[in-house]
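**Student:** Need the complex rebuilt from these two chains, each delivered in its own frame; the hints are there to steer you.
Those sequence lines, one after another, are chains Y and R. Each step along the first sequence adds one to the number in the numbering used here, with nothing skipped, and position 172 is 172. For any residue, its number in the numbering used here is found by taking its place in the second sequence, counting from 1, and adding 346.
Think of the hints as simulated: they come from the structure by calculation, not from any bench. Backbone N, C-alpha and C define an ideal beta-carbon position, used for all residues, glycine too. One or more of the hints may lead you astray.
[What the hints assert, rightly or not] Pair by pair, the computed Cβ-Cβ distance ranges are:
#, chain 1, residue 1, chain 2, residue 2, range
1, Y, S162, R, A439, 56 to 66 Å
2, Y, K104, R, F615, 54 to 64 Å
3, R, V428, Y, G14, 18 to 28 Å
4, Y, L70, R, F615, 37 to 47 Å
5, R, C365, Y, E111, 54 to 64 Å
6, R, S430, Y, A182, 54 to 64 Å
7, R, A438, Y, R112, 50 to 60 Å
8, R, V428, Y, A166, 37 to 47 Å
9, R, L613, Y, K103, 31 to 41 Å
10, R, L613, Y, E111, 34 to 44 Å
11, Y, E111, R, P416, 30 to 40 Å
[What the hints assert, rightly or not] In the DSS-like style, the derived pairs of lysine-lysine whose C-alpha atoms are separated by at most 27 Å in a straight line are:
#, chain 1, residue 1, chain 2, residue 2
12, Y, K103, R, K522
13, Y, K184, Y, K104
14, R, K623, Y, K128
15, Y, K104, R, K522
Here is how the chains run, residue by residue.
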Amino acid sequence: MAEIAIKGVAKRFGGFTALHQVDLTISDQEFVVLLGASGCGKTTLLRIVAGLERSSQGEVWIGGRRVDHLPPRERGIAMVFQNYAVFPHLTVFENIAFGLRMKKLPQQEVERRVNRTAELMHIEQLLKRYSGQLSGGQRQRVAVARALAMEPDVILMDEPLSNLDALLRLEMRAELKGVLAASKTTTIYVTHDQVEAMSLADRIAVMHQGRIVQAASPVEVYRNPAARFVGSFIGNPPMNFIPAAKAANGSWTVAGLTLSGPKSDKPRIEFAIRPEDVDAGGEGLRATVHVIEPLGPHTLVTCDVEGGLFRAILDSNASVQVGDDLRLAPKPDRIRWFDPETTNAL
Amino acid sequence: MHGKALPYLLLMPATLFLCIFFLYPFALVAFEAVSRDGAFTLDNFRTMAGSWKFPVTVRNTLLLAAIVVPIQLVMALLMASVVSRLETGRSAALYVFAIPLGISDLAAGMIWLAIFDQSGFLNTLLSSLGVVDRPVMFLGYQSKLTIFIAVALAEIWRATAIMMVILVAGMGLIPKEYYEAAEVFGASPWQRFRRITLPLLRPSLQTAIILRVILAFEVFAVVAALGGTNLPVLMGETYNWQFTLQDRNVAAASALLILAISIGFTLFFLRVLRVPKEARI
Ligand SMILES: Nc1ncnc2c1ncn2[C@@H]1O[C@H](COP(=O)(O)OP(=O)(O)O)[C@@H](O)[C@H]1O
Ligand SMILES: [Mg+2]
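Only chain R is shown next, with the shape it has when bound in the complex (with noise of 0.2 Å):
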């Protein structure tokens, strides 16, 4: 057998498993998406966008993603540089800080609505102190704000880890020698972080940040445990289309248009961190 054709074929069936089971499901739902009863139209897109929810889900889909993800991103770089630094225990931290990523994300929304519950840990905690005489109703539907800052408290707790450990990774790939020379010509700590370590970062960041707002468009059982309907979000707009209103048309165009939307985004960062090739390390 020819070597150059081995590795091709080695991938064919992880390509016709992903052509079975991924291209052609998608294919029928972009087809139901831009067609009712069989003819072709776009309706599907019209209902799914005068409905009155529609500009709230997709607002608070991007403002969860816009405030999240970059808090994120620079809670992930901080622990990644701390544990980086460590010369002892470092898996031992990695593995505490990655605690949250074996938990599915319908389990975290619990774990937060136990704290932030009526009779939660929170409120418990706040009239123990004295601090309040009757139990606070934090997630009430006339507290959105507390809702909202809640959900992104539990992203913030739930997915920072997976940033981290990109960027562990990506920092192990940088040579020491690069930060001794910074040192020595003069550059202070954080200029070393600015100018050595986030340059040189930037292939782990790519990947980090387009995973993580890829997540963060696909927030959805988070949602749904602390904020029920009260905080709309586009995923759970796709799901009340799909199975309270029975409609599959446009819970299809729905989910085609969250796959927009990421496609968008991961283009978009894929050009904007872009490394040239000749200053790859």
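For reference, chain Y alone in the conformation it holds in the complex (with noise of 0.2 Å):
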């Protein structure tokens, strides 16, 4: 059992604060990605759990112990590095059997885990050799082998794909995913790479200049973002936000629409739709069509709303041109708002 609890947490580097005040709780096993742009602090959250890294306050629990204080090898994590770190000067065999050993397990115990998880992870055939022996996608195996080796309660990574070439990260990914869904841990996986997040976890958990914005499962983050940043950093392309004035109580303008919405003191709100969740023609936004891209299954056409940019996906049989005035009707289940000053959801 190995729930993790991150309880304010926050760093300052000097003056500046790489983390404010975080708290996330993760169950036992579950898959947690830590998703958010480069330079957001997801690297310095899990270093701070791993005990890589000191934070300036709060606390660190895991399976119910408070861990702030010990050393990483006395928190019963394994860490995946995203440069790898398979150590040069030992092989492959050696380079799994690293944390094994550092444990003093008896050689047998240690050739049978080195065995299973180098075949598990389809590396069997590599053990004699060394890192520089390897390519770029072979020591990122050998680099997960060597965690899943120490069967340890939590396994942390931090952007583990993100050197590997496109095809190769596809692979791995759902590889991964196998193997870690087997091996019954607790995960936190690091990446900016939403379709990475969206793919692999059970909950995303969005950061945004040092504070977690959102933690829930991938189709809540995409379909009910809890502020007006998760909705234009997920989904390709972003959601798409349309300032909305008050026509009455509960009711708003949007260009030219009029649509029910929350009710709300404010007399300006935002009014939000992904690409995919307008249909052309009836009543709808007036969009004047600039740029129509097919790209197969359907079509994305980049139009101007209320001069604001606008992104829809319509089907590939929807007969636009450049310049034509259409009307995109909304799905109304679909609509959020969102408060332009909190930039909360309203």
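**Tutor:** Spelled out as structure tokens, the structure:
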């Protein structure tokens, strides 16, 4: 049982605050992805959980034990580093065995575990090689095998796939998901790649400027962004935002369309919709088509709505022309509203 | 001009310089060592080895190297580890440690003579503390052990920094991630040093040890300053043959012997501390 609790963790580097009061609880065997743009503090948070970095404030609990003051080796964790950190002077076998040797496990057990994890990661034939004789993808496998061999309660991964080429990344992603699910560990996985996050996570914690903005299931994060940032960061293309002016109590005017929305005292709020959640024709947002990009299964249409950029994903059969004036009808159950001041969802 | 030839062309002057001022005199010395009055002979080596002092000089030189170099290696590793870990003031610490490097070996010998001399610093200190009531003769001819210790101390003081500087540079080349990985996978600070630092430092260790061992076989001025003729070493004997006994041929043979020992140890450490190509960083 290894539940991880991050309670009010903050980190300052000199005068710069890399993390503000982060709270996050991860259940046993859960796969949580920390997702955010480069520099938002993902690595810092992961390193604080690992014990490679001291928090300025707050507590870290693993498996019901407070671990802030314990060195990494006493936290029951294993880690996969972004640059793999496969030791160059040791063979693949000894790399995977490294942690087991530190634990002084009997040779027989070391061999059993190394062979089992090597087989799991399909590197049995590489055991005698050195890091310098491996490709990036193979090194990655060694790094994962070394972590799995520890049979840890918690595995921490910092952008483990970001140094692989696109095809290999896709392959490893699927493989990692299978292997980690079978290993029954609690996983924290850091990435800036939203597709990776979506495909792997039980829960995504979206980070922005040293804060966790939302922690929820991939579908929830996609469908119901808790803040404007989440909607604009997740989704490719991202969510569309249009200013909405108050028409009556609980009714708002958006690009010439009157929609029922939240009851609010504010004169202006923001209307938001995903590109795929509009239909062409009928009652809709007034849009002027600028660019049409046929993508096969559908067509990406970039238009102008109320002087702002708006992207719509339409059926590839839709007969639109550049310069057309379109009516884009938002699906009522997919409309979201944001407070422009706090940027939170309403 | 062909691009590939350029580096060789640029090395040409240095190579020529080496040939004229090193290889040629070296060949002359080598010839002198194996000849007398123009005829080939090994008598020079026999004369050298036949001297009653010869076994003593060889023993002293090897013993000095065997004691000084390992102590220096351990100290240099320790100092380098500490210096590498400093976040601020690393260069200041390096400069302080490196001060003895700027002093010639004879000057170093004289500094330590000033400490151990009958009217020296150590005697003043001891008598002011009341430990002794009259000055002790540390470096007299009957106290060979003290002389040996004084020489070893002076050598350690003088030349540890050169090893340390090489090792600090080497440690700087080891990526931080390896230490973090080792730490996460359960290695204690000592285990990280043993299992990560030492193996990955092998190329630098090799350079530092070879350099230091060669210097150790050439030890001369420090010994001359502190021990005079009471602690004969190989290089001192070479000097004797050349200038006191005025026999250039035996002096040449003696110099060749030192060279041979140095080459032997260099090859030994090149072999023992070799890093296979596939296991480099
Ligand atoms: N050791 C450090 N000293 C100073 N600033 C740091 C240090 N480590 C990270 N930072 C800063 O903290 C912020 C978060 O960094 P990081 O956690 O590495 O981001 P991410 O992994 O999300 O890209 C960045 O702005 C970075 O410059
Ligand atoms: Mg990072």
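**Student:** May I ask you to test the hint 37 to 47 Å on the CB atoms belonging to V428 (chain R) and A166 (chain Y)?
**Tutor:** 45 Å, holds
**Student:** So does A438 (chain R) sit 50 to 60 Å from R112 (chain Y), Cβ to Cβ?
**Tutor:** Cβ of A438 (chain R) to Cβ of R112 (chain Y): about 51 Å, so the range 50 to 60 Å holds.
**Student:** Has the given pair, K103 (chain Y) with K522 (chain R), been kept, meaning a C-alpha gap of at most 27 Å?
**Tutor:** 22 Å, holds
**Student:** Could you check the hint for me, namely that E111 (chain Y) and P416 (chain R) are 30 to 40 Å apart, CB to CB?
**Tutor:** 36 Å, holds
**Student:** I want to verify a distance hint. Is the separation of the beta carbons of L613 (chain R) and K103 (chain Y) within 31 to 41 Å?
**Tutor:** Holds: the Cβ-Cβ distance is about 40 Å, inside 31 to 41 Å.
**Student:** Quickly compare the C-alpha distance for K184 (chain Y) and K104 (chain Y) to 27 Å and report which way the hint goes.
**Tutor:** 24 Å, holds
**Student:** Can the suggested window of 34 to 44 Å be confirmed for the beta-carbon pair L613 (chain R) and E111 (chain Y)?
**Tutor:** For E111 (chain Y) against L613 (chain R), whose Cβ atoms are near 37 Å apart, the range 34 to 44 Å holds.
**Student:** Does 54 to 64 Å hold as the CB distance between S430 (chain R) and A182 (chain Y), or does it fail?
**Tutor:** 41 Å, violated
**Student:** Holds or violated: K623 (chain R) with K128 (chain Y), Cα cutoff 27 Å?
**Tutor:** Roughly 15 Å between the alpha carbons, so the hint for K623 (chain R) and K128 (chain Y) holds.
**Student:** With respect to the beta-carbon atoms only, verify the hint that L70 (chain Y) and F615 (chain R) lie 37 to 47 Å apart.
**Tutor:** The hint (37 to 47 Å, Cβ to Cβ) holds, given that L70 (chain Y) and F615 (chain R) are roughly 41 Å apart.
**Student:** Holds or violated: K104 (chain Y) with K522 (chain R), Cα cutoff 27 Å?
**Tutor:** Within the cut-off at roughly 24 Å; holds.
**Student:** Indicate whether the distance between the beta carbons of S162 (chain Y) and A439 (chain R) respects the range 56 to 66 Å.
**Tutor:** Given about 37 Å between the Cβ atoms, the range is violated.
Checked against the numbered hints above, the structure violates hints 1, 2, 6; every other hint is satisfied.
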